[in-house]
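K.L.:
Order-wise, the sequence lines are chains A and U. Taking the numbering used here, the leading residue of the first sequence gets 5, the next gets one more, and so forth. Taking the numbering used here, the leading residue of the second sequence gets 5, the next gets one more, and so forth.
Please note that a few of the clues may not be correct.
Identical copies go unnamed one by one, so any copy, or any two together, can satisfy a pair.
Said to hold, decoys possible - Simulated crosslink set (BS3-like; lysine-lysine; CA at most 27 Å straight-line): (1) Lys368 with Lys238; (2) Lys312 with Lys130; (3) Lys346 with Lys312; (4) Lys359 with Lys312; (5) Lys339 with Lys238; (6) Lys339 with Lys129; (7) Lys359 with Lys86; (8) Lys130 with Lys375; (9) Lys86 with Lys177; (10) Lys76 with Lys229; (11) Lys326 with Lys312; (12) Lys229 with Lys352; (13) Lys45 with Lys326; (14) Lys86 with Lys296; (15) Lys177 with Lys346; (16) Lys359 with Lys129; (17) Lys238 with Lys76; (18) Lys86 with Lys375.
Source of the hints: derived by calculation from the structure; they are not laboratory data.
Protein chains: 2
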Amino acid sequence: MQNFDFHNPTKVLFGEGVISRLPEVLPDGPILLLSGGGSIKSNGVYDQVMNTLIGRVVFEVSGVRPNPTFEKCMEAVEIIRKEKIGFILAVGGGSVVDSAKFISFAALYEGNAEDILRRQDTLVKKAVPFGAVLTLPATGSEMNCYFVISQGEEKLSGGNPLLYPQFSILDPKVTATLDKRQIGNGVVDAFVHVMEQYLTYPSDAPLQDRFAESILLTLIEEGPKSFRNPQDYKSRANYMWCATMALSGVVGSGVPHDWSTHAIGHELTALYGLDHAQTLAIVFPAMMWVMKDEKNAKINQYAERVWKIADHQDPFQGAFRKTVDFFETLGLPTKLSAYGIKEDVALKVISRFEKRGFQPMGEKGLVTLDKIREVLRVASQ
Amino acid sequence: MQNFDFHNPTKVLFGEGVISRLPEVLPDGPILLLSGGGSIKSNGVYDQVMNTLIGRVVFEVSGVRPNPTFEKCMEAVEIIRKEKIGFILAVGGGSVVDSAKFISFAALYEGNAEDILRRQDTLVKKAVPFGAVLTLPATGSEMNCYFVISQGEEKLSGGNPLLYPQFSILDPKVTATLDKRQIGNGVVDAFVHVMEQYLTYPSDAPLQDRFAESILLTLIEEGPKSFRNPQDYKSRANYMWCATMALSGVVGSGVPHDWSTHAIGHELTALYGLDHAQTLAIVFPAMMWVMKDEKNAKINQYAERVWKIADHQDPFQGAFRKTVDFFETLGLPTKLSAYGIKEDVALKVISRFEKRGFQPMGEKGLVTLDKIREVLRVASQ
Numbered sequence: 005m006q007n008f009d010f011h012n013p014t015k016v017l018f019g020e021g022v023i024s025r026l027p028e029v030l031p032d033g034p035i036l037l038l039s040g041g042g043s044i045k046s047n048g049v050y051d052q053v054m055n056t057l058i059g060r061v062v063f064e065v066s067g068v069r070p071n072p073t074f075e076k077c078m079e080a081v082e083i084i085r086k087e088k089i090g091f092i093l094a095v096g097g098g099s100v101v102d103s104a105k106f107i108s109f110a111a112l113y114e115g116n117a118e119d120i121l122r123r124q125d126t127l128v129k130k131a132v133p134f135g136a137v138l139t140l141p142a143t144g145s146e147m148n149c150y151f152v153i154s155q156g157e158e159k160l161s162g163g164n165p166l167l168y169p170q171f172s173i174l175d176p177k178v179t180a181t182l183d184k185r186q187i188g189n190g191v192v193d194a195f196v197h198v199m200e201q202y203l204t205y206p207s208d209a210p211l212q213d214r215f216a217e218s219i220l221l222t223l224i225e226e227g228p229k230s231f232r233n234p235q236d237y238k239s240r241a242n243y244m245w246c247a248t249m250a251l252s253g254v255v256g257s258g259v260p261h262d263w264s265t266h267a268i269g270h271e272l273t274a275l276y277g278l279d280h281a282q283t284l285a286i287v288f289p290a291m292m293w294v295m296k297d298e299k300n301a302k303i304n305q306y307a308e309r310v311w312k313i314a315d316h317q318d319p320f321q322g323a324f325r326k327t328v329d330f331f332e333t334l335g336l337p338t339k340l341s342a343y344g345i346k347e348d349v350a351l352k353v354i355s356r357f358e359k360r361g362f363q364p365m366g367e368k369g370l371v372t373l374d375k376i377r378e379v380l381r382v383a384s385q
Numbered sequence: 005m006q007n008f009d010f011h012n013p014t015k016v017l018f019g020e021g022v023i024s025r026l027p028e029v030l031p032d033g034p035i036l037l038l039s040g041g042g043s044i045k046s047n048g049v050y051d052q053v054m055n056t057l058i059g060r061v062v063f064e065v066s067g068v069r070p071n072p073t074f075e076k077c078m079e080a081v082e083i084i085r086k087e088k089i090g091f092i093l094a095v096g097g098g099s100v101v102d103s104a105k106f107i108s109f110a111a112l113y114e115g116n117a118e119d120i121l122r123r124q125d126t127l128v129k130k131a132v133p134f135g136a137v138l139t140l141p142a143t144g145s146e147m148n149c150y151f152v153i154s155q156g157e158e159k160l161s162g163g164n165p166l167l168y169p170q171f172s173i174l175d176p177k178v179t180a181t182l183d184k185r186q187i188g189n190g191v192v193d194a195f196v197h198v199m200e201q202y203l204t205y206p207s208d209a210p211l212q213d214r215f216a217e218s219i220l221l222t223l224i225e226e227g228p229k230s231f232r233n234p235q236d237y238k239s240r241a242n243y244m245w246c247a248t249m250a251l252s253g254v255v256g257s258g259v260p261h262d263w264s265t266h267a268i269g270h271e272l273t274a275l276y277g278l279d280h281a282q283t284l285a286i287v288f289p290a291m292m293w294v295m296k297d298e299k300n301a302k303i304n305q306y307a308e309r310v311w312k313i314a315d316h317q318d319p320f321q322g323a324f325r326k327t328v329d330f331f332e333t334l335g336l337p338t339k340l341s342a343y344g345i346k347e348d349v350a351l352k353v354i355s356r357f358e359k360r361g362f363q364p365m366g367e368k369g370l371v372t373l374d375k376i377r378e379v380l381r382v383a384s385q
């Protein structure tokens with residue numbers, strides 16, 4: 005096991021009806037209510053939240069979109085500064101929570117807020133506190149300190165220990181109005197989050213491995229149920245808790261990570277507007293294929309423990325096929341062609357990496373530009 | 005899944021050499037260094053800690069014993085009040101950390117400190133902040149808000165969200181000087197902590213179940229290695245992280261609990277001075293035996309997933325035998341007679357429960373006085 009720090013101070017309220025407990029965790033003073041494209045108005049979450057805020061000063065910024073933008077965040081920053089708002093309440097999915105994090109930093113930063121996106125976030129020493137009412141289980145942003153914000157054609161990620169939500173309110177009931185695409189995306193996103201912390205090389209961390217396998221097995225069991233039946237509260241609750249735990253630190257502490265699938269996926273979203281989870285469904289299996297020798301030991305473990313591939317079968321082939329089938333069953337094709345994207349994608353992606361000054365990625369720095377080219381070739385076939 | 009709150013703000017620094025990072029997490033001002041029976045002086049931990057405290061005002065209280073007492077805690081409370089100390093640094097095992105929690109509460113409580121032990125802890129609204137340098141993995145106290153303190157012949161437990169350690173420093177290397185009894189006890193303690201949150205009834209919480217099984221499987225794998233070889237850093241690290249995770253909330257959130265083995269075990273310690281883990285090794289298998297019908301579904305799951313009992317074998321008999329063997333391999337006999345205790349123990353224990361006004365225990369309130377009598381009869385045979 006590697007040395008590690010583990011610190012996750014977010015308070016989670018979980019279960020049916022917990023939105024009504026907002027007054028327990030919300031501090032006094034004016035708040036900014038940040039939300040997305042309007043689904044919270046049709047699914048009743050907005051009313052549930054506003055009922056707990058009667059008599060309070062609430063400013064609202066809505067319209068945060070998937071792949072949330074720097075410009076939208078800066079709208080909220082202006083209001084926070086002007087109105088001297090001391091707390092942000094993010095009501096929505098991962099995009100809204102990610103935006104709250106960036107806003108929280110940017111509002112108190114005296115320099116150019118773009119610096120924060122250019123990984124100068126160590127310059128920022130304070131943040132506006134914030135909390136979340138989660139409506140879409142997927143990114144895990146509700147219980148970690150990371151964000152991804154888009155600016156122009158770039159998806160830029162950041163993170164800082166100041167950016168844990170003070171609280172996150174998770175009522176699985178509110179997921180009943182999500183459509184199949186959102187659920188399929190959410191399950192695949194959570195699954196790949198775990199894989200990026202698991203499918204590396206053995207590092208004498210059997211508990212973290214088993215925690216990872218626990219989430220994978222539960223997503224495999226509960227994900228399709230959640231996908232098929234919006235009214236299956238039990239399954240939605242389990243999927244929701246899996247997605248939160250996936251990026252909370254319990255899987256990733258003390259072990260090597262490999263975020264190269266995410267890095268390549270971000271490029272596909274920026275170039276072609278694919279959903280984040282669609283890009284993961286495309287890139288992850290191809291990455292597994294290309295890096296199968298380097299990841300051999302963990303692929304065998306994954307095949308045996310997660311997919312129960314029998315001894316006489318080839319573990320890689322078995323695990324690869326099962327992974328692809330799982331993603332496709334959830335409505336996410338795993339080939340670029342299914343999204344109408346042709347093979348010249350590799351040229352474009354490589355050129356974007358080169359422009360920024362590329363550093364090899366992956367748990368051992370073995371994901372070179374050649375490997376990325378190969379990954380995108382496999383994903384095109 | 006039941007509704008639940010999850011909030012664990014303790015910051016963990018984990019790995020070889022992390023004691024040297026104490027200055028990163030320790031606030032300014034005078035501190036109270038609380039420790040146990042002196043092992044930290046012989047194993048070098050005291051020197052490692054003091055090297056980080058050069059130039060600081062440090063008061064010391066040592067001599068906290070296993071089953072730490074109210075009276076010892078009050079010694080520390082007096083010093084904290086007199087010297088206006090603002091931070092407690094607990095250096096030791098679970099007894100020292102538990103004491104720090106009680107002291108932390110009692111020092112700022114204006115009433116009679118005994119009230120806190122009599123479960124009047126809701127009266128207390130503030131606590132002296134504290135942190136821990138852990139030397140013995142077992143109780144999980146380093147990452148939760150619970151404590152057990154002895155007064156006279158009573159072991160009294162409490163807990164409060166104010167009582168999470170600000171930080172806990174876990175260097176597996178410092179466990180190399182522990183003796184076999186301490187390691188055997190620690191592994192069994194952590195194992196039974198998980199079982200009390202797992203072996204109840206199915207509650208549609210597959211992730212929590214798998215997290216529990218992850219810790220059990222890892223303790224079964226790593227516990228005996230840690231027991232046999234003090235120099236096996238890798239195994240000690242895994243055992244240490246298992247013990248911390250066991251009572252951190254990841255296993256017990258949203259599921260029923262059964263703390264009746266602990267409750268009966270506390271009586272055996274109070275009456276006969278047995279080590280806490282010895283009492284668990286005696287009571288837990290007997291409880292499993294007596295409650296086998298009520299716990300049937302989870303016993304079958306435990307047999308299959310944790311002990312891999314084959315389909316043609318009796319799951320209860322298989323899991324029971326494996327559990328007993330596991331405890332005994334770690335040097336903990338599972339029968340009262342092995343500790344020289346005769347069957348009249350049931351009379352004494354029942355009478356103590358009756359005197360306090362007994363409420364049936366267990367996940368469904370089915371552990372009555374009759375069941376306790378039966379448990380102690382089984383444990384005597």
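K.L.:
State whether the alpha carbon distance between Lys45 and Lys326 is at most 27 Å within one copy, between copies, both, or neither.
P.N.:
Result: close neither inside a copy nor across copies, 38 Å intra and 55 Å inter.
K.L.:
Reference check for the pair Lys130 and Lys375, CA-CA at most 27 Å: within, between, both, or neither?
P.N.:
Cα proximity of Lys130 and Lys375: none, with 39 Å in one copy and 56 Å across.
K.L.:
Between copies, within a copy, both or neither: which fits Lys86 and Lys296 at Cα up to 27 Å?
P.N.:
Result: close neither inside a copy nor across copies, 54 Å intra and 64 Å inter.
K.L.:
Regarding Lys229 and Lys352, is the shortest C-alpha distance of 27 Å or less found within a copy, between copies, in both, or in neither?
P.N.:
This pair counts as neither: shortest intra-copy Cα distance 38 Å, inter-copy 52 Å.
K.L.:
Regarding Lys339 and Lys129, is the shortest C-alpha distance of 27 Å or less found within a copy, between copies, in both, or in neither?
P.N.:
Cα proximity of Lys339 and Lys129: none, with 43 Å in one copy and 58 Å across.
K.L.:
Regarding Lys238 and Lys76, is the shortest C-alpha distance of 27 Å or less found within a copy, between copies, in both, or in neither?
P.N.:
For Lys238 and Lys76, neither the intra-copy (35 Å) nor the inter-copy (48 Å) Cα distance is at most 27 Å.
K.L.:
How would you classify Lys86 and Lys177 at a CA-CA limit of 27 Å: within, between, both, or neither?
P.N.:
neither (36 Å within a copy, 53 Å between copies)
K.L.:
Given identical chains, is Lys86 near Lys375, meaning Cα to Cα at most 27 Å, within a copy, between copies, both, or neither?
P.N.:
Neither. Shortest intra-copy (49 Å) and inter-copy (66 Å) distances fail the 27 Å Cα cut-off.
K.L.:
Cα distance capped at 27 Å. Does Lys368 pair with Lys238 within a copy, between copies, both, or neither?
P.N.:
The answer is between: 21 Å across copies meets 27 Å, while 39 Å in one copy does not.
K.L.:
Since the copies are identical, ignore which copy is meant and state whether Lys76 and Lys229 lie within 27 Å (CA to CA) inside a copy, between copies, both or neither.
P.N.:
neither (35 Å within a copy, 55 Å between copies)
K.L.:
For the identical chains here, do Lys177 and Lys346 meet the 27 Å Cα criterion within one copy, between copies, both, or neither?
P.N.:
Classified as neither; 40 Å inside a copy, 54 Å across copies.
K.L.:
Between Lys359 and Lys129, at a C-alpha cutoff of 27 Å, which is it: within one copy, between copies, both, or neither?
P.N.:
Neither, since 30 Å and 56 Å both go past 27 Å.
In terms of the numbered hints stated before, the structure departs from hints 2, 3, 4, 5, 6, 7, 8, 9, 10, 12, 13, 14, 15, 16, 17 and 18, listed from lowest to highest.
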